[in-house]
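Following the hints, position chain W against chain Y.
This is what each chain is made of:
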Amino acid sequence: MSELAVRVEGLGKEYRLGGPRERYTTLRDQLNKLASAPLKALLGRRKRSEQNPPFWALKDVSFEVRPGEVVGIIGRNGAGKSTLLKILSRITEPTEGEVDVHGRVGSLLEVGTGFHPELTGRENVYLNGAILGMRRAEIARKFDEIVAFAEVEKFIDTPVKHYSSGMYMRLAFAVAAHLEPEILIVDEVLAVGDAQFQKRCLGKMGDVAKGGRTVVFVSHQLGMIETLCKNAICLVQGRVHQFGPVGDIVRDYLTNSSQISSDVDILQLFRTGNGKVRLTDFWIEDDLGLQATSVSSGSRVVLAFRYDRSDRSSNHISLGFSLHTATEQTVALVYSDYQGVTFDNLPSSGVLRFTIPSLALSYGTYFVGVRILVSGVEADWPRGFVGRIDVEAGDYYGVGQPFHSGIGPVLLDGEWQAATEDTVVPQRGRGHR
Amino acid sequence: MATIDILPARQTQAPSDVTRIRPSRGWRVIDLREVWRNRELLWFLTLRDIKLRYKQTALGVSWAVLQPLFTMGVFTVFFGGLAKMPSDGKPYALFVLAALLPWQLFAYALTQSSNSLVAEQRLITKVYFPRLIVPIASVLSGLVDFLVALCLMVGMMAAGPVFGWFTVKPTAAVLAIPIFTLFAVLTALAVGLWLSALNVQYRDVRYTIPFLTQFWMFLTPVAYAASLVPPKYRLLYGLNPMAGVVEGFRWALLDTDAPDWAMMAVSAGVVLVLLAGGLFYFRRMERTFADVA
Numbered sequence: 007m008s009e010l011a012v013r014v015e016g017l018g019k020e021y022r023l024g025g026p027r028e029r030y031t032t033l034r035d036q037l038n039k040l041a042s043a044p045l046k047a048l049l050g051r052r053k054r055s056e057q058n059p060p061f062w063a064l065k066d067v068s069f070e071v072r073p074g075e076v077v078g079i080i081g082r083n084g085a086g087k088s089t090l091l092k093i094l095s096r097i098t099e100p101t102e103g104e105v106d107v108h109g110r111v112g113s114l115l116e117v118g119t120g121f122h123p124e125l126t127g128r129e130n131v132y133l134n135g136a137i138l139g140m141r142r143a144e145i146a147r148k149f150d151e152i153v154a155f156a157e158v159e160k161f162i163d164t165p166v167k168h169y170s171s172g173m174y175m176r177l178a179f180a181v182a183a184h185l186e187p188e189i190l191i192v193d194e195v196l197a198v199g200d201a202q203f204q205k206r207c208l209g210k211m212g213d214v215a216k217g218g219r220t221v222v223f224v225s226h227q228l229g230m231i232e233t234l235c236k237n238a239i240c241l242v243q244g245r246v247h248q249f250g251p252v253g254d255i256v257r258d259y260l261t262n263s264s265q266i267s268s269d270v271d272i273l274q275l276f277r278t279g280n281g282k283v284r285l286t287d288f289w290i291e292d293d294l295g296l297q298a299t300s301v302s303s304g305s306r307v308v309l310a311f312r313y314d315r316s317d318r319s320s321n322h323i324s325l326g327f328s329l330h331t332a333t334e335q336t337v338a339l340v341y342s343d344y345q346g347v348t349f350d351n352l353p354s355s356g357v358l359r360f361t362i363p364s365l366a367l368s369y370g371t372y373f374v375g376v377r378i379l380v381s382g383v384e385a386d387w388p389r390g391f392v393g394r395i396d397v398e399a400g401d402y403y404g405v406g407q408p409f410h411s412g413i414g415p416v417l418l419d420g421e422w423q424a425a426t427e428d429t430v431v432p433q434r435g436r437g438h439r
Numbered sequence: 217m218a219t220i221d222i223l224p225a226r227q228t229q230a231p232s233d234v235t236r237i238r239p240s241r242g243w244r245v246i247d248l249r250e251v252w253r254n255r256e257l258l259w260f261l262t263l264r265d266i267k268l269r270y271k272q273t274a275l276g277v278s279w280a281v282l283q284p285l286f287t288m289g290v291f292t293v294f295f296g297g298l299a300k301m302p303s304d305g306k307p308y309a310l311f312v313l314a315a316l317l318p319w320q321l322f323a324y325a326l327t328q329s330s331n332s333l334v335a336e337q338r339l340i341t342k343v344y345f346p347r348l349i350v351p352i353a354s355v356l357s358g359l360v361d362f363l364v365a366l367c368l369m370v371g372m373m374a375a376g377p378v379f380g381w382f383t384v385k386p387t388a389a390v391l392a393i394p395i396f397t398l399f400a401v402l403t404a405l406a407v408g409l410w411l412s413a414l415n416v417q418y419r420d421v422r423y424t425i426p427f428l429t430q431f432w433m434f435l436t437p438v439a440y441a442a443s444l445v446p447p448k449y450r451l452l453y454g455l456n457p458m459a460g461v462v463e464g465f466r467w468a469l470l471d472t473d474a475p476d477w478a479m480m481a482v483s484a485g486v487v488l489v490l491l492a493g494g495l496f497y498f499r500r501m502e503r504t505f506a507d508v509a
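Residue numbers (the working numbering), protein chains in the order written: chain Y, 7 to 439; chain W, 217 to 509.
Since the hints were derived computationally from the structure, they do not count as laboratory data.
Computed list of chain W residues with no C-beta within reach of chain Y, every gap over 12 Å:
#, residue
1, 248
2, 275
3, 308
4, 331
5, 374
6, 383
7, 387
8, 393
9, 398
10, 431
11, 434
12, 471
13, 477
14, 484
15, 492
Within a straight-line C-alpha distance of at most 25 Å, the following computed DSS-like cross-link-like pairs (lysine-lysine) qualify:
#, chain 1, residue 1, chain 2, residue 2
16, W, 306, W, 385
17, Y, 148, W, 267
18, W, 267, Y, 167
19, W, 267, Y, 160
20, Y, 167, W, 271
21, W, 271, Y, 160
Listed next, the stretches of chain W that the computed footprint assigns to chain Y, with coverage defined by at least 3 CB atoms under 8 Å from CB atoms of chain Y:
#, region
22, 235-244
23, 267-274
24, 340-353
A virtual CB, placed ideally from N, CA and C, is assigned to each residue, including glycine.
Here chain Y stands alone, though its shape is the one from the complex:
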């Protein structure tokens, strides 16, 4: 038995800005280039100077995983977690560095990869199993167990398009859960199904971990990472920020997460979208109209988004923003078109302001994500937070003193009434008493 299960050394992955997903160009562009550099253009070897600046999704990543160890990977959106898993599972090649993987690898970056709605449950189990790397004999041997785990015995010969989404996910997960590689690579797949099923999946994952299997997995759910892992890796902007016992890493992540993204250079963020309108700056303004670093609950707050519009004809612009807690739970998601507001004929650069008359967030730190749509098509989506809002306890309820429980991110205003029993408004439906 080898000393190590996974050895990662100096790993780096470079993408061209503008988004890896949008790099396919039209043949016409390339034919133009063909005139000047015949072979190079077709083989994708362009001069560096002609290209957009490189973006390193991962850089200098090194770590080691011992056999039987369960390692969690945490980090913000865009920190490189998924890229790392994709390299470990050989979906994409690194740009530099190397990885040694000792033993058979199974990767679960998605549940139900290759499931086809027209095929029956049985056919999908075999197809999906084969895609995940199981032998046919192995699938046949575990077939009954998989079906029982998913609780879909009666429907196993029905096309899965007739399944409820719950059944579909259960079957998909059941196949994955019966994969028995020596090294398992998992990306956030447990966040599916109902709570009860999630619990069973967790149990299964726990068994996998106890069974001496090596597991590398990514999750936003820090609680899950703490339960399952002994060690964790925290990635920040593609680099290993910390690697060590899970407790320390999680604690550090929570306390430092605010510092990490305090002064974000929005222009440097990795982003996707067609670029017709881009976010160039973000800040908040307090009730006096001054740029602020912190605001208080219940006060008037303005979120200001500076944009650049490169495309003259861009109309129907909708700006959306989201607010997240330090543990990356989404508190709110608002697009201007939710309120029926889209912007036409905007100046080529300017500021869009969103005024919150009374901030209904409790004491804490919140992070802001932004996405801009032009006529419903993504124009700009910086992957990563563009800013943060520090909320101090404030007099949200208008009672003359700051409210300071700090439990739960959302504050709710409303009216209370007391009444005697017989003036209670009858409840709808049954089961009142």
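Just chain W now, kept in the frame of chain Y:
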């Protein structure tokens, strides 16, 4: 354990159970053994394509019969009946059908394999397996239609004498059919490898494929006889491997003149070069499929 530690394993070649992941540069040989190890996946993907082919169609597998039948009918009426194209002395309908068998297999396999990687981008971005399996599976899935159409051909040949239309006696050359079929499949795969990899990067490819197959069909003796081509251009004609395949099918099924073997040699050379080049090009582009798809 301790002794293992001392071994300078890291500097030398990785042990056999170790997968080493590192950037690959330049042109590399594709790992065909890995494809072989994943043959069960190849089988399941082929099976899936076959099963899905006629799902949700009213006529189902009948399409595999109707397509060549109708094409044959149209060709027979216009080219055979009205234009009076020579058909090497054979009934024109059979003459065309014998050519449509490999041609439709080829056209289907070429189209499917060229679009295969783009169609499977979900798979490609979420799980690793030798990417070569994807175009191969889509080429293989065309064989079912081919076999059904072959039955149609056999049926027609058997029905001819019964109704007194014509008599075509098969010869031992029938045994060559699997070889010519393989030839057609390899030609489709060779071109499909290039186009599928190109298609990932340049979606223009998808739109050029219908033109390509149409154009290619006119360059192939499907509606006419290869004997129309003057002998001095025969070798040049061999640059189109499908010309030899179609002639081979006619020879095997209808006992027309045997194909020009020098021309076949040229075709075989073309296929080998395209296939080898395609494998290298595919391997080279493979590493960016997941990033670009």
